[in-house]
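What follows is the residue order along each chain.
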Amino acid sequence: GEDVEQSLFLSVREGDSSVINCTYTDSSSTYLYWYKQEPGAGLQLLTYIFSNMDMKQDQRLTVLLNKKDKHLSLRIADTQTGDSAIYFCAESISDDMRFGAGTRLTVKP
Amino acid sequence: EAGVVQSPRYKIIEKKQPVAFWCNPISGHNTLYWYRQNLGQGPELLIRYENEEAVDDSQLPKDRFSAERLKGVDSTLKIQPAELGDSAVYLCASSLVGTSGGSSYNEQFFGPGTRLTVL
Numbered sequence: 001g002e003d004v005e006q007s008l009f010l011s012v013r014e015g016d017s018s019v020i021n022c023t024y025t026d027s028s029s030t031y032l033y034w035y036k037q038e039p040g041a042g043l044q045l046l047t048y049i050f051s052n053m054d055m056k057q058d059q060r061l062t063v064l065l066n067k068k069d070k071h072l073s074l075r076i077a078d079t080q081t082g083d084s085a086i087y088f089c090a091e092s093i094s095d096d097m098r099f100g101a102g103t104r105l106t107v108k109p
Numbered sequence: 001e002a003g004v005v006q007s008p009r010y011k012i013i014e015k016k017q018p019v020a021f022w023c024n025p026i027s028g029h030n031t032l033y034w035y036r037q038n039l040g041q042g043p044e045l046l047i048r049y050e051n052e053e054a055v056d057d058s059q060l061p062k063d064r065f066s067a068e069r070l071k072g073v074d075s076t077l078k079i080q081p082a083e084l085g086d087s088a089v090y091l092c093a094s095s096l097v098g099t100s101g102g103s104s105y106n107e108q109f110f111g112p113g114t115r116l117t118v119l
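These protein sequences, in sequence, are chains A and B. Numbers 1 to 109, taken from the working numbering, label the letters of the first sequence in order. Numbers 1 to 119, taken from the working numbering, label the letters of the second sequence in order.
So here's chain B without its partners, still in its complex pose:
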């Protein structure tokens, strides 16, 4: 079974340019997450989707970041314009858990990430 697929794996852009990342979750997983992982840090949640609905985007910098999950399957995360501080690894994860709260076991399956370098 294919895991979470992300592309591109690496992206180098100049500041103020736009960039987009794509994620295809594991088939059947209704919940999709985008995380940002800064160097030497753990992942930090940017946005969580349940099917096509963004149920938690409180940590997404909405002035420059946007995301969509049309049809509730694959997802795109966009940054426009990119800033130097956006350099990080952007991880996508998926799981089967729903809105049952933290009382449910929630195994998230992670993709390999997209390493973004903003020059």
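Next up, chain A with everything else stripped away, as it sits in the complex:
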């Protein structure tokens, strides 16, 4: 079946902006989520966006949604070393969620 797709790796310098992209599968998904996973830990919800919005900003995080192309992005401004982690996008499918494979963000000092 179709997969939620993300690029696997992203490397940025501390202080730069990071943009993580995601293509999801179901145009009827009502909510789309971004989760962060640090080594040895479970997933932590970072932010989400409702499908009738095209942008949401939350401090250093900006989510952009293009429903026509089923494209979701997460921008992290002023990226810090503590932002190094794996970032998963997820779409809501009925009562369940479908996750991408995750993008490993590496922040270099």
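Since the hints were made in silico from the structure, they are not lab data. Take these hints with a grain of salt, some might be off.
To be verified - In the BS3-like style, the derived pairs of lysine-lysine whose C-alpha atoms are separated by at most 30 Å in a straight line are:
| hint | chain 1 | residue 1 | chain 2 | residue 2 |
| --- | --- | --- | --- | --- |
| 1 | A | Lys36 | A | Lys56 |
| 2 | A | Lys56 | A | Lys70 |
| 3 | B | Lys78 | B | Lys16 |
| 4 | B | Lys11 | A | Lys36 |
| 5 | B | Lys62 | B | Lys15 |
| 6 | B | Lys78 | A | Lys36 |
Remember, it's a predicted structure, so these values are computed and weren't measured experimentally.
Keeping the supplied structure of chain A fixed, place chain B upon it in accordance with the hints.
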């Protein structure tokens, strides 16, 4: 407030042995999920409970996997017998959402997972 608790954190077993994982969700959360996360992949749903009822177990390999959530609180996931391909991280999550469909905001809170290695 305590988060989702899972135990053990790590488990190493030989193939064909049984193994069990335990999860205690956040107090008051009626929905509990078990996911499997293979290396380099996102979580994949195995089973979802609403209270004590398994409402979605379509992805659970029923020949060797079983789960229960007696009393609608904590849950156990079992594999018997384990195979080499079962090596993964098993994540438990909980949420407050019910059967209102994908139109509801559904924040799932994840535990740290159990890393299973089958030798």
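Verification of the supplied hints:
no. : hint                 : in the structure
1   : A:Lys36 with A:Lys56 : holds (17 Å)
2   : A:Lys56 with A:Lys70 : holds (16 Å)
3   : B:Lys78 with B:Lys16 : holds (13 Å)
4   : B:Lys11 with A:Lys36 : holds (24 Å)
5   : B:Lys62 with B:Lys15 : holds (17 Å)
6   : B:Lys78 with A:Lys36 : holds (27 Å)
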